[in-house]
Amino acid sequence: MRFLLAVAVACVSACSSATQQSPAARVQADAGVQAFTPADATFMQGMIHHHAQAVIMAGWAPTHGAGESVKTLAGRIDVGQRDEIAFMLRWLRERHLPAPDPLDHQMPMQGMSGMSMPDTLMPGMLTPQQMEQLDAARGVEFDRLFLTGMIQHHQGALTMVDKLFSSQGAGQEEYVFRFASDVSTDQTTEIDRMRLMLGALSPKPDRP
Amino acid sequence: MKSGLLICASLSLGVAVGCTPSNVGTAPSPANMSTSPPTPDPRLNLRAGWFDAGEAIWNLRLVSQTKPSANFMNPTTPGDPRLWNSDIAMTGPYVFQGNWSGYQVWDISNPAKPTLRSEYICPGSQSDPTVYRNLLFVSSEATNARVDCGMQGISDTVSKERARGIRIFDIADIGHPKLLTTVQTCRGSHTNTLVTDPNDSANVYIYVSGRATIRSPSEMAGCSSALPEQDPNSAHFRIEVIQVPLAHPEQAKIVSSPRIFENLTAPAKHAEIAADSLAAAAARKKAAAESLAAGRPVPAPPPPQPPGGPTQCHDITAYPAIGLAGGACAGYGLLLDIKNPANPVRIAAAADSNMSFWHSATFNNNGTKILFSDEWGGGTQPRCRSTDKPEWGADAIFTLENNVMTFRSYYKLPVAQKSVENCVAHNGTLIPIPGRDIMTQAWYQGGLSVFDWTDPAHPKEIAYFDRGPMDSTKMITGGYWSTYWYNGYIVGSEIDRGIDIFELRPSAFISQNEIDAAKLVHFDYLNAQDQPKIVWPPSFIVARAYVDQLARGNAVSRERLTAITNELNRAEKLSGTARHDALMQLTSQLESDARASNDPARVGLLVDELKEIASH
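The listed protein sequences correspond, in order, to chains A and B. With the numbering used here, you'll find the first sequence wraps up at 208, consecutive numbering, no jumps. With the numbering used here, you'll find the second sequence wraps up at 616, consecutive numbering, no jumps.
What the hints contain is simulated information worked out from the structure, not anything from laboratory work. Keep in mind that a hint or two might mislead.
As the list claims (entries may be wrong) - With a straight-line Cα cutoff of 30 Å, these simulated DSSO-like cross-link-like pairs (lysine-lysine) come out:
(1) B:K113 / B:K178
(2) A:K71 / B:K460
(3) A:K71 / B:K418
Stated by the list, open to error - Label-pair ranges, simulated between beta-carbon atoms:
(4) A:G59 / B:A457: 30 to 36 Å
(5) B:K160 / A:R138: 32 to 38 Å
(6) A:K163 / B:E161: 20 to 26 Å
(7) A:Q168 / B:E262: 33 to 39 Å
(8) B:D170 / A:R95: 38 to 44 Å
(9) A:D101 / B:D524: 55 to 61 Å
(10) A:T42 / B:D170: 40 to 46 Å
(11) B:G323 / A:P98: 54 to 60 Å
Claimed, not checked - So these bits of chain B aren't anywhere near chain A, every CB distance computed over 10 Å:
(12) T213
(13) A348
(14) T387
(15) P414
(16) A457
(17) P600
For each residue, glycine too, the CB sits at the ideal point set by N, CA and C.
I would like the entire structure built from these sequences, with the hints used as guidance.
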């Protein structure tokens with residue numbers, strides 16, 4: 001009864017189309033779970049793996065002799081992508097969808113370099129060989145590999161966002177739209193920052 | 001329960017705390033003159049809840065709290081993103097509150113009891129609102145936004161039904177807003193900024209900041225997601241400027257797409273870059289020496305990089321009175337010359353290694369400082385935990401001299417929030433206290449923080465309000481989107497909880513005279529991103545506010561303060577020539593006070609104010 005009344009009030013005061021119902025009634029109707037598409041869910045599942053690798057890479061900065069600016073950036077990526085993994089896991093679980101274990105993909109890159117599975121990696125993810133190389137590097141060399149690797153990694157995330165928005169019906173769900181837009185904005189910004197950092201870092205030939 | 005007891009117990013220490021909503025509207029208790037904030041900070045461990053959360057308040061009074069209307073609130077699904085409230089814009093007694101499903105219009109003529117004036121259902125994500133006279137501009141960004149304002153979304157990737165850009169409404173009849181047109185843009189509109197042209201009364205301009213996916217050219221001709229070197233018409237690396245003819249707003253259209261980021265090279269960063277450059281230089285030198293010693297070729301220079309810089313702004317704050325705008329643009333804070341509003345030009349840029357995402361800008365009233373907020377995590381993440389660094393997700397304060405921005409400090413909400421509370425720097429405005437830079441700022445579920453940044457190197461919190469989280473077990477996005485000073489009150493837009501209105505209470509940090517002086521300032525309308533120049537009418541209240549500031553800063557001896565106060569009281573009772581003469585005599589005494597003062601500039605403000613009063 002209350003919602004019938006609400007709909008009536010909405011249309012008396014400001015209705016843009018004759019069939020418009022109340023936004024609250026719409027939320028009530030689906031119990032707060034907005035419709036989504038398989039592409040939305042696939043995006044979330046894939047991005048968990050993707051983010052998890054960034055967290056591992058960022059976690060190496062303090063122990064691998066990273067410079068101060070790389071340490072700062074890595075620290076922020078670590079916090080940021082952990083929080084976002086938690087958000088994606090919750091989104092999937094609340095919709096009773098399979099939520100991947102973010103730690104799963106560590107396997108191929110921890111001492112099992114023979115098990116390279118490039119086909120299963122999300123766009124931009126570093127191969128096990130690239131991860132081994134990064135893990136073995138120290139100091140300025142770590143910075144250089146970290147920045148080039150993370151640029152590649154972030155560009156892959158942008159590819160995933162583009163793919164999402166070019167899928168029929170995808171990105172209509174509010175959480176997905178907002179999160180994908182945040183990923184795109186944040187990572188575009190970080191790519192730019194990392195390019196500048198890389199430029200400041202790269203060795204230039206010193207004339208003797 | 002335990003936290004509730006703790007909070008209410010602090011009442012006995014003289015701290016004003018609203019334990020329950022029933023405290024709202026009670027008579028103000030005597031001013032709290034302590035210069036120390038209450039300890040332990042009552043914002044810690046507040047009880048969770050939607051409309052029954054624990055509350056902590058300091059140097060403010062909660063005048064009213066008003067729930068969203070029935071159409072914009074579903075009682076069984078707290079925090080549904082389709083019903084989130086967003087930013088607010090004010091005109092006359094009305095507050096336009098954006099919402100993911102449209103907007104609500106509140107009448108706050110009686111701040112103790114706001115009433116719903118009208119509402120408009122029209123989804124389009126955050127619906128950032130801006131008002132100007134009879135027009136309302138609303139941002140639409142999401143791919144599910146429709147030209148007919150329907151709620152069914154759009155599943156086709158290419159559709160003529162999609163509305164991404166600026167919706168323009170006629171609000172002459174405030175009870176029945178009328179959609180005039182939608183100006184479509186390639187990226188949609190996340191935020192928008194009204195820019196007025198002092199030399200052109202026939203048009204206003206809207207700067208559109210869009211950050212979402214670029215549409216297909218099949219949906220909107222000319223939209224290109226290629227990089228500028230591949231396609232000069234790329235929708236990246238630009239903002240859009242819409243010209244709105246006031247006589248025919250339905251003819252509003254994009255008149256320019258300024259590439260304000262062009263040739264943006266790495267500007268100076270503070271803190272770590274110098275040390276890093278040294279380390280990198282040393283490493284380069286060492287590598288080159290080793291290469292030479294080993295007979296290897298010296299490492300080659302790095303390959304050239306594609307053009308960098310931000311591809312869009314998040315928000316722009318125009319300050320037409322000084323011809324400048326502050327652009328918060330991804331990894332940069334930009335200073336724009338907007339004297340020709342249709343063609344803004346970048347004149348300075350700042351980057352900062354601790355700033356993740358430059359989100360919004362606020363000038364101080366003199367235009368000698370600019371504050372940028374960093375919305376690290378986009379607003380839905382908990383970035384005020386005790387583990388989050390105080391310089392991350394904070395405000396960065398710069399001084400501004402000859403169009404050069406110089407970093408001075410960070411300001412972050414000085415109390416930790418829970419991991420179930422989204423919290424980061426967000427929207428605010430100046431509080432018009434003469435002679436000082438005071439601001440009220442929203443921190444989502446971190447509540448609202450009023451702080452003094454008169455000394456740009458040492459910003460300091462002087463008042464606050466905070467509620468417990470929406471839920472104690474999981475993150476439900478909520479809290480203040482914005483808190484803005486508007487004609488004597490602070491109006492807060494709460495994402496899930498509606499509209500809250502506050503008053504300042506006198507304290508050791510703000511006197512009654514200063515509050516009264518702030519209340520003298522009247523805006524006909526307010527868009528936080530179209531920053532108005534604050535002008536105080538000549539008044540003894542303003543003069544007394546300056547006297548209070550001199551007293552607080554021990555800038556003039558106690559004896560002289562008493563004498564000045566007495567003389568002001570005497571002059572106020574006089575009129576005509578007698579008042580004029582009394583005031584002018586006082587100004588000449590003050591000029592000698594200034595010579596002995598540790599704050600001669602403030603004595604000068606008082607002198608100027610007295611001369612203003614005398615000449616009226």
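The hints, checked one at a time:
no. : hint                        : in the structure
1   : B:K113 / B:K178             : holds, 26 Å
2   : A:K71 / B:K460              : holds, 29 Å
3   : A:K71 / B:K418              : holds, 25 Å
4   : A:G59 / B:A457: 30 to 36 Å  : holds, 34 Å
5   : B:K160 / A:R138: 32 to 38 Å : violated, 56 Å
6   : A:K163 / B:E161: 20 to 26 Å : holds, 23 Å
7   : A:Q168 / B:E262: 33 to 39 Å : holds, 36 Å
8   : B:D170 / A:R95: 38 to 44 Å  : holds, 41 Å
9   : A:D101 / B:D524: 55 to 61 Å : holds, 58 Å
10  : A:T42 / B:D170: 40 to 46 Å  : holds, 43 Å
11  : B:G323 / A:P98: 54 to 60 Å  : holds, 56 Å
12  : T213                        : violated, 4 Å
13  : A348                        : holds, 17 Å
14  : T387                        : violated, 8 Å
15  : P414                        : holds, 19 Å
16  : A457                        : holds, 21 Å
17  : P600                        : holds, 41 Å
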